[in-house]
Structures are given as C-alpha cells and as structure tokens.
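Student: All chains, please: the whole structure from these sequences, using the hints.
Residue numbers (numbering that gives the first Met the number 0), protein chains in the order written: chain B, 0 to 426; chain E, 0 to 142.
Everything labelled a hint here was simulated from the structure, so no lab data went into it. Don't take every hint at face value.
As the list claims (entries may be wrong) - Chain B is nowhere near these chain E residues, computed Cβ spacing over 10 angstroms in every case:
1) Val74
2) Glu78
3) Phe123
4) Ile139
Claimed, not checked - Within a straight-line C-alpha distance of at most 20 angstroms, the following computed EDC-like cross-link-like pairs (lysine to aspartate or glutamate) qualify:
5) Lys29/E <-> Glu367/B
6) Lys18/E <-> Glu286/B
7) Lys29/E <-> Asp9/E
8) Lys370/B <-> Glu67/E
9) Lys18/E <-> Glu274/B
10) Lys353/B <-> Glu28/B
11) Lys364/B <-> Asp71/E
12) Lys259/B <-> Asp291/B
13) Lys29/E <-> Asp398/B
14) Lys102/B <-> Glu235/B
15) Lys368/B <-> Glu3/E
16) Lys370/B <-> Asp9/E
17) Lys370/B <-> Asp71/E
18) Lys370/B <-> Glu3/E
19) Lys29/E <-> Asp383/B
20) Lys29/E <-> Glu374/B
21) Lys29/E <-> Glu360/B
22) Lys368/B <-> Asp9/E
Glycine included, C-beta positions come from ideal geometry on N, C-alpha and C.
So the chains spell out like this:
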Amino acid sequence: MMGKDAHAVKVRADRCTGCTRCMQSCPTEAIRVKEGLAIINAARCIDCSQCIESCPFDAHSIDSGSLEDIKNFKYTIVIPAITFAAQFSGGPKIDVLCSALRKLGFDLVFSEGLAVDYLKDRVREIVVNNQVKKPIISSHCPAVIRLIQTKYSSLIDHIMPTGSPVDIAANMARNLIKEKYGYSDSDIGVFYLSPCPARITNVVNPIGMQESAINVTIPIKDVYGDVLRILSGMKEPVSEFSNCMKPENLPWAEVGGQAKMSGVDNYIAVSGIHEVAKVFDQIEMGELDEVDFIEASSCTGGCVGGPLNIENPFVAQRNIRRLAENSSQGYFQMIDSVLAQFKHIYLTEEISPKQTNILDEDFTKAIEKMKQIEEITSRLRGLDCGSCGAPNCRALAEDIVQGKARMEDCVFYQEQQHLWRLEDESE
Amino acid sequence: MTEEVAASFDYEIEKDDFKIAGSASSHIKKILKQLGLPNPLIRRASIIAYELEINLVIHTFGGSMRLEVHPDRIVILTEDVGPGIEDVDQALIEGYSTANDKAREMGFGAGMGLPNIRRCSDDFSIRSKLGEGTWIRSEIHVG
Chain B
0 MMGKDAHAVK VRADRCTGCT RCMQSCPTEA IRVKEGLAII NAARCIDCSQ CIESCPFDAH
60 SIDSGSLEDI KNFKYTIVIP AITFAAQFSG GPKIDVLCSA LRKLGFDLVF SEGLAVDYLK
120 DRVREIVVNN QVKKPIISSH CPAVIRLIQT KYSSLIDHIM PTGSPVDIAA NMARNLIKEK
180 YGYSDSDIGV FYLSPCPARI TNVVNPIGMQ ESAINVTIPI KDVYGDVLRI LSGMKEPVSE
240 FSNCMKPENL PWAEVGGQAK MSGVDNYIAV SGIHEVAKVF DQIEMGELDE VDFIEASSCT
300 GGCVGGPLNI ENPFVAQRNI RRLAENSSQG YFQMIDSVLA QFKHIYLTEE ISPKQTNILD
360 EDFTKAIEKM KQIEEITSRL RGLDCGSCGA PNCRALAEDI VQGKARMEDC VFYQEQQHLW
420 RLEDESE
Chain E
0 MTEEVAASFD YEIEKDDFKI AGSASSHIKK ILKQLGLPNP LIRRASIIAY ELEINLVIHT
60 FGGSMRLEVH PDRIVILTED VGPGIEDVDQ ALIEGYSTAN DKAREMGFGA GMGLPNIRRC
120 SDDFSIRSKL GEGTWIRSEI HVG
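Tutor: Structural data, given as structure tokens:
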C-alpha cells in the first residue's frame, strides 16, 4: 500500500506515450514528461484526476484495495459512496442494491447518506452564525482542500470545519458495531467504494484528521461488474440490515446539493477543478465577500463526475433524482440510539499551507530568480507546445532557473542553435 | 551604490474590456505568491491591483499598469490616457462614483475603488489632469 505523501494515481509506463495531454491539463503544473514518460510531482499533486480524464491511453492505475481484503477482518462494513447508487440506470431499488453489496461478502452496508443527516444542520448553523470567515468553502472534496493548501493558502481560514460524510459515516459505523457486538477496532474493516482517487489518497494521507476510520478503499468501477451480475439474479432484498441508504439524502452528491439540503440560499456551486480555481481567484480578490457558501467539487458535475464511476455524470444525476423520489424511507432504526450521542462531526487537525511553487525562501534571491525567469520566458517562443516536457514556456523557464531543465529542452531553441551553427560553417 | 535587485512586469489595460478585466491582477497575485510573500500582504496587493485594473477598464480610455518588486517594497503604478479626474479629493471619498450605467449593472462603480486602494497602501499618491490622464502610485512595504 501507499506511504505517507503518496497519491492514489500512478502512471503506467507500459501505456504512457509521453503525449503531454495530462501535463497540459494539470491545474498545479505537477506533471513533467521526461524521456517519453509522464512523471507526477507528489508534492504538487492534489488528486484531482484531470490527468486520468485527459489521457487517451488509459495510462493510469489506481493504488487501491480490493474485495480480497475482506478476509483480513472479523467484521466488515461497506460504505458505498452516494454516487454508487447512481451507476445503475435500470432502476434497482435501494434495498436491493444494498443486498447485492452484502452478497459481495460484507456484513453491513452503511451509507454516507446517514452522515448527511447530522452534517446538514451543522453546515446551516455554521453559515447562519458566521462561525467561519465568509465565503465559507465546503470541506467535502479532498482535491479542493488540497488545491487550497497548495495554491490558495490564504483561503484556509474559509474552510468549513466539518468533515465529509464518508469520514463521519465511517466513524459512526465503527462505533455502532463496537457498541453493539463488542468487536475491537482491529477486528472491524471499514471499506469504502470510491468514485475518485482523491478519497483513496485521503485514507492513507488524510487532511484535517489524525487518521481515517476507513481501512480499505475500492474503486466503484472495480465492483460494478460483480454487483451487476448479482443484481441480475435478485429481485427482492435479502436482509433486515439492507435498507440503509436513506434515499432522500442522495442529492447531496449533486452540484448544489449540499447547499440546498442544508438550507443555505446565498451560495455558489462550482464544479471542475479549473473553474474552482477561477472562483478561488475571485475570492482572493475580495470579489465574493458577500457570498455565504461555496460548494466546490473537483470533478465536473460533482462526485458523480469522479473517474472511478461507470455511468456518465449527467445520466447519473438523473438516476439520483429518480432514486430519491421513488424509494421509500424505512432504513433501519436500530442505529438511532447509538448515533444520538455521535460527536465526530468536525475536522480535528489543522490544515496547513503547502506552498510548493515558491522560488526561494530568501526574498531577494526569489526576486533574482523571477527576473531570470522573465528573461528566459521572453526568449522562448511562447507557443506552450509542451515538447520540452513542461506544460508551458514559463514553466520551462522556471524549471531552468531551478536547475531542473535546460534551454536545449526547447525544440525551437535547438532549431535556432542548429541554424546558427550552419551559418557559422558556411561563412 | 550597488544596483538594486528588482523585477518588473507591465500590463496594457483596454477600456471597457470587462471580459478579461482582472487578468492582470490575477497575474500579479500569482507572481507575489511565487515570491513567497505573506498572505495578508498578497491580499492587499491583489486588491490594489484589481481595483486599479477595474478603474482603468471602467473610467478611462485605457492605460497601463506596472508591478515592481523590490527587496523592501512592492510598487503598483498605473497611467492612463484620459479623461482625467475633475476633483481628485472627492474621488477619494467613499461612495463617490462617476461609473456609467453599464458598469453599475455589472456590479462595479460603488465608489469604493480609490479609497480602498489608498486604505490598502502604505504609501499612495495620485496625480490627475483633466483631458490628459491620471497617474497613480501605490506602495506596500515588505518586512
């Protein structure tokens, strides 16, 4: 498994052609192409998945767990991301879906949606009582939080202090089973079916919490086939524990769902990491001081747009609406007494800035380097062609000044040198 | 006297170009972040740059903006080609605005620009001549 500072996304050398598409799409300029292979700078990576989305060769693998890990625990809980239910256009009922998940080998299906119940009122309270600097930015998306850490550190004070539903749900489920059946923490395996790599990284390398209550993350796409096969042979739910997804909380996963369900009116719901960055720029300029709440998702369309889902995000949104409207309530009531005392709603660790693009710790040296970068940039062609292996001419200039690249990496510069040599020889 | 290390950046700002208004100040913010300056200072400089840029778009026939980074100070300068401000003292009073309806509809022109720039600056000077143009210099001390 991954170490600290590691990320879930890995480049597959056998498939990567060095085409530069991922490098151009990366919002933090974390990727360089060296000798035909994309290399991700772990310090700059925010797990936003742009590289996966832009890759025509499917040259990424996800460092995650699998169903095999079930055997390592005495009692297993699966938390399907809210988007999981949206992957099945045929319209299986929620309780049938949960039964299918249990048949994969899990003892309990527990929903993110249950945490939403606790969360939405806190979100509203925090907004109404001005408990955080406005506009308050939702803490839901880990890629967005990492974007703030690396590029918008002045906005750290704006982050909603609550955890995200999956982490709250993981704690809830763990507490519930400990109290009800007397298992110890190490007996219990909490599995998460994830729509995105950011959540997978967040389990190993958590932000805002000491450690994650989740043990194993599995991409939704990895269990999709198994669930589909089980569903095809199943019409009715199989057990009393099955129906726990709380359909009315499903819209939390839609763009604007958090604000609407929390009853916050004055909000901006933005999705797609590049658009999120533009909104953050506006916040930093002081343009959005009058806005209460910013719901920002790294993936276009919100979590339904995560690259580890199967269904098209816009079809998935329709599926969510249908499920929310058509499913009956009646999720299991047994948990209420335990959860009534539940307190783990808030982030416990400080979110610290992670400025990875400062030119030099010494301000005067930084100015000197900035001058050199400007000078080199002015000598480059400005086409941002990416042939040098840096995302744009300015990034190449930065790399040169930082000693990570050479002027000769620029193909136009090489051509120019070549022409000069020919001229010299002919004289 | 040894030559001082300073980096400078120049931007041309066009009249009524609301679509890209803010891009120069965004660039300035990015530069200051790369230089590793503290957040509160970057925020002040960004607000100054943004207000100046918007002023050029709304109130002038266009002009230029310049960022200078010195070891002890950040300087932001603008110079436009007119029309100039009739009463500079009045323009520095909060709430006073000569913005047209088009700009107001877009949420600009609340008369907060110049007072805001002055408030965020450690050193501020303005010179204007009707029919010629306006020259503004804003300085923030570093360290």
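Student: Look at each hint and say if it fits the structure.
Tutor: Hint-by-hint comparison with the structure:
Even its closest Cβ contact with chain B, about 13 angstroms, leaves valine 74/E beyond 10 angstroms, as expected for a residue assigned away from the interface. The beta carbon of glutamate 78/E is kept farther than 10 angstroms from every beta carbon of chain B, the shortest such distance being approximately 21 angstroms. For phenylalanine 123/E, the condition that its CB be more than 10 angstroms from all CB atoms of chain B holds, with the nearest at approximately 18 angstroms. The Cβ of isoleucine 139/E lies farther than 10 angstroms from every Cβ of chain B, with a closest approach of about 13 angstroms, so its non-interface assignment holds.
Between the alpha carbons of lysine 29/E and glutamate 367/B the distance comes to roughly 16 angstroms, so the proposed pair stays at or under 20 angstroms and holds. For a cut-off of 20 angstroms, the pair hint linking lysine 18/E to glutamate 286/B stands: about 15 angstroms separates their Cα positions. For the suggested pair lysine 29/E and aspartate 9/E, the alpha carbons sit about 14 angstroms apart, so the restraint of at most 20 angstroms is met. For the given pair, lysine 370/B sits about 11 angstroms from glutamate 67/E by alpha-carbon distance, which is consistent with the 20 angstroms threshold.
Restraint check for lysine 18/E and glutamate 274/B: the C-alpha separation of about 15 angstroms stays at or below 20 angstroms, so the hint holds. Between lysine 353/B and glutamate 28/B the CA atoms are separated by roughly 15 angstroms; this keeps the pair inside 20 angstroms, and the hint holds. Between lysine 364/B and aspartate 71/E, the direct Cα distance comes to roughly 13 angstroms. Compliance with the 20 angstroms bound is thereby established for this hinted pair. As the CA atoms of lysine 259/B and aspartate 291/B are separated by approximately 13 angstroms, the hinted pair is consistent with the 20 angstroms bound.
Distance hint between lysine 29/E and aspartate 398/B is fulfilled; the C-alpha atoms sit about 17 angstroms from each other, no more than 20 angstroms. Between lysine 102/B and glutamate 235/B, the direct Cα distance comes to roughly 13 angstroms. Compliance with the 20 angstroms bound is thereby established for this hinted pair. For the hint pairing lysine 368/B with glutamate 3/E, the CA-to-CA distance comes to about 14 angstroms; that is within 20 angstroms, so the pair holds. Of the pairs offered as hints, the one joining lysine 370/B and aspartate 9/E holds, with about 13 angstroms between alpha carbons and a cut-off of 20 angstroms not exceeded.
Taking the CA atoms of lysine 370/B and aspartate 71/E, the gap is about 16 angstroms. The hint holds against a cut of 20 angstroms. A distance of roughly 12 angstroms separates the Cα atoms of lysine 370/B and glutamate 3/E; the hinted pair therefore holds under the 20 angstroms criterion. With a C-alpha separation of about 18 angstroms, the suggested pairing of lysine 29/E with aspartate 383/B holds against the 20 angstroms cut-off. Restraint check: the Cα-Cα separation between lysine 29/E and glutamate 374/B comes to about 17 angstroms, which is no more than 20 angstroms; the hinted pair holds.
At most 20 angstroms may separate the alpha-carbon atoms for a hinted pair to count; lysine 29/E and glutamate 360/B meet this at roughly 16 angstroms. The straight-line distance between the Cα atoms of lysine 368/B and aspartate 9/E is roughly 18 angstroms, inside the 20 angstroms bound, and the hint therefore holds.
The structure meets every hint from the earlier list without exception.
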